[in-house]
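Taken in sequence, the protein lines are chains W and E.
Under the working numbering, read the first sequence as residues 1 to 305, first letter to last.
Under the working numbering, read the second sequence as residues 1001 to 1139, first letter to last.
Keep in mind that a hint or two might mislead.
[What the hints assert, rightly or not] Some, not all, of what chain E presents toward chain W, calculated at C-beta under 8 Å:
1. V1011
2. E1022
3. Y1024
4. N1103
5. R1105
6. I1107
7. I1110
8. Y1132
9. C1133
10. E1134
11. N1138
[Said to hold, decoys possible] Residues of chain E clear of chain W, computed beta-carbon distances all greater than 10 Å:
12. T1047
13. P1071
14. K1082
15. L1091
16. N1097
17. V1099
18. L1114
Quick caveat, the hints were computed from the structure, so don't treat them as lab data.
For each residue, glycine too, the CB sits at the ideal point set by N, CA and C.
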Amino acid sequence: MKHLIDIKDLSTEEIDELINVAKDIMDNRQKYAKKCEGKKLATLFYEPSTRTRLSFEAAMMELGGNVLGFSSANSSSAAKGESVADTVRVIGGYADIIAMRHPKEGAPLVAAMKSEVPIINAGDGGHNHPTQTLTDLLTIQCEKHRLSNLTIGICGDLKFGRTVHSLITAMSRYANIKFVLISPEELQIPDYVKTDILEKNHIEYVETNDIEEYMQDLDILYMTRVQKERFFNEDDYIRLKDYYILNKEKLENAKEDLCIMHPLPRVNEISVDVDDDKRACYFKQAKYGKFIRMALILKLLNFEK
Amino acid sequence: MNIDSIKNGYVIDHIEAGKSFEIYNYLKLGELDTSVAIIKNAKSNKTGKKDIIKIDENLDINLDILGYLDPKITVNKIKDGKIVEKFHPELPEKLVNVVKCKNPRCITSIEQELPHICELTDREHAVYRCKYCEEQVNR
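When you get a sec, could you build the whole thing from the sequences and use the hints?
Here it is as structure tokens:
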């Protein structure tokens, strides 16, 4: 493996290996503190994403490496009209590995086709966000101690939410997974996800617009934000943004060991009164993200052993 | 109306009536130096009308694209005045600069010089998706 563009680029064994390395890093921080000494990570962020960028940068720093990069297209050569392919060929001369976020779908793949250093897709528009998926998998593994035999509720924007599509793709590899897909009609999961992933892999799923209908069955509840930047029409966004608000009341019938996840940032979809509930895992999830990115950087730089 | 039969070359038959110019352009036949005949609205027992293209030379043309454009097309390869091969072109695994991705969120929408690459993801239903954004592309 040279690049990580799509979660489908990783075999199940590779995912398991990354999770194991991440868990080892969490238990033995010192052992990894100098693994990337003398190495540089470039974070090329053509659209702002503080969380993902800082997570990558913190990951590289904790491995003893250095970071450089830009955090918006305006402060990069893209503003002068440079192509993605040219940019990565230049930056490849300065850094050992690149994490790229771009508003246009497929930009990191274009980069990977030309780059001589490993490219990590840190999110390309509404398309892929594989390190978020790896974060989600590590969270599930750490909180539920398994990646199989789970009923997973996914709530919110299932149409444009890239984390949702990637999570469904990744979890479809594991045994006895059931999905409860909770969304308003306008934001339902696209048909191709149903036919090409769920039905093809014989994964059981139900669709509902009622967040409480299957609450008692869920092992995981994955909440998502309705993202303004994915809408061309602001009226649609305003109408749908507060469709679901998870609060303590709605969790009344939920299992005691439910794991509530959210890729963050949250806006209104999880009420702050849920934050103190022991089932709220979203802040821990963000922390797991750093460790899985550390494991990924090590793997792509061939330092994992 | 008669067009002389060719000795060596290709007869692309059973083209949907009216589509021959589209195929002529896709195959870039206009760039060839050889004789090319387009027969429009020829009589067809099956469909009533059809178009035919005759190319009067055995050139190395990539005809895979025909499978994408119209799977009902028949290609006859002619050698010494006889049909030596007759086939329906299969759907190609990859199309380069044949169809453009129309997804406004795709990187190809802002980087004009990128080749438009589409890959066959479902042969049964002839589904092609953009290599970059994975959006389904339509003819």
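- Item | Non-conforming hints, listed in increasing numerical order | 1, 2, 3, 11, 18
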